[in-house]
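> Take a look at the letters that make up each chain.
2 protein chains.
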Amino acid sequence: MTTPTLDFWFDFASTYSYPAAMRVQALASAVGVKVNFRPFLLGPIFKAQGWTTSPFNLFPAKGRNMWRDLERICAEVSLPPMRRPEPFPQNSILAARVALVGLAQPWGEDFCRAVFSAQFTDGQRIDDPETMGAILSKLDVAPAAVLAAAVSNDNKARLRVQTEEAQKLGLFGAPSFTTPDAELFWGNDRLEQALAWAKRSG
Amino acid sequence: MTTPTLDFWFDFASTYSYPAAMRVQALASAVGVKVNFRPFLLGPIFKAQGWTTSPFNLFPAKGRNMWRDLERICAEVSLPPMRRPEPFPQNSILAARVALVGLAQPWGEDFCRAVFSAQFTDGQRIDDPETMGAILSKLDVAPAAVLAAAVSNDNKARLRVQTEEAQKLGLFGAPSFTTPDAELFWGNDRLEQALAWAKRSG
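Protein chains in written order, with my numbering: chain A, 1 to 202; chain B, 203 to 404.
No wet-lab data here; the hints were simulated from the structure.
Since the model is a prediction, treat every value here as computed from it, not as a measurement.
C-beta: ideal position from N, C-alpha, C; glycine also.
Among the clues, some could well be false.
[Unchecked claim] Using C-beta positions, here's what the derived DEER-type ranges look like: (1) Arg23/A with Thr254/B: 33 to 39 Å; (2) Val161/A with Trp269/B: 24 to 30 Å; (3) Gln162/A with Ser339/B: 53 to 59 Å; (4) Pro289/B with Asp140/A: 57 to 63 Å; (5) Arg270/B with Ala148/A: 37 to 43 Å; (6) Ser403/B with Leu27/A: 27 to 33 Å; (7) Val161/A with Leu371/B: 41 to 47 Å; (8) Ser403/B with Ala157/A: 51 to 57 Å; (9) Glu278/B with Glu71/A: 23 to 29 Å; (10) Arg158/A with Arg274/B: 27 to 33 Å; (11) Gln49/A with Pro289/B: 17 to 23 Å; (12) Ser29/A with Ala228/B: 32 to 38 Å; (13) Arg270/B with Ala144/A: 41 to 47 Å; (14) Thr254/B with Gln162/A: 29 to 35 Å.
[As the list claims (entries may be wrong)] Once the Cα atoms are required to be at most 25 Å apart in a straight line, the calculated SDA-like pairs of lysine to any residue come out as: (15) Lys34/A with Lys236/B; (16) Lys199/A with Leu272/B; (17) Lys62/A with Ile247/B; (18) Lys401/B with Asp383/B; (19) Lys62/A with Asp383/B; (20) Lys138/A with Ser78/A.
Next up, chain A with everything else stripped away, as it sits in the complex:
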């Protein structure tokens, strides 16, 4: 029997990706599912739908509800109060590139959680190489080599390929979860259901 696995697709700028990223590893471990962190970019996918920014900006009533909904969710799962980064959404391309470097090494998932906390707990800009460097240093990773690897042509191409794969899998928002049998779940509120599916079909 192989280990059940679940792909966790997220964009660092995505608000609902934050609680999902903070919760997924503990919940998956508890039920014996292996999680693959897969950062991608929502921008090209939104653009293909004709959106030039986050739907939470395009549709103000939806946006207001989203911030309030996340306040309630964070309280429920004992995350610190959510802060709205300025500007919103943040440009997440640099963080995603660094994450791809890290996820091939032991510090990748910790880096992802730290980026989400920096942005949504501390209100920091995640498009700033200094923010990235400070997070890496705290994880005892020397920033210079990693930041250089992050912006190499190979790594840039890797993120493009990952985003194209997301689109081919039918992703249209984040977070999303996919299983080896091609089941797609969308939203932080589908995390538990996705894990149960992965467990059953794994």
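With chain A fixed as given, assemble chain B onto it according to the hints.
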């Protein structure tokens, strides 16, 4: 102490309103919350956002996921397999008008559930007065007087006012739930949380 209450806002054409409508009364009774069924029309609200049809039609990847997601949800909560009505979305104005008449009488909530089942289990058109009449007859309600009351100017105005109130409350989708302290919850997947809120703040 007053009875805690929750307003349940729905559009008959809304797919996620279906499982919410089938679940809400039993869940609310179990925790001692009084539910008010409040049909409204999403059309004018979508129009104000620049949408001419359901976002599930406008954004095909989102639509595909919605139908699959609802298959999974119906299986999970033991509802019959979901059928896609033709056309989708259905024009829900007649059903909403009849529901408003019924909700002032004892048969209103049963009527609402029967309309959702006719549409999403049996694939019937809910814009057809004959469908409405058949549902009413099964509930031992004589159709003619009710259908006449439904399309009276007073009742038409009542539905417009209800839709305007929804918009003022910040509703942007269905189902939604609102509490007397003006908390707004959006989506079938927020029903349990909304009930818990109503219970605490009631």
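> Could you work out which of the previously given hints the structure breaks and list their numbers from low to high?
The structure breaks only hint 15.
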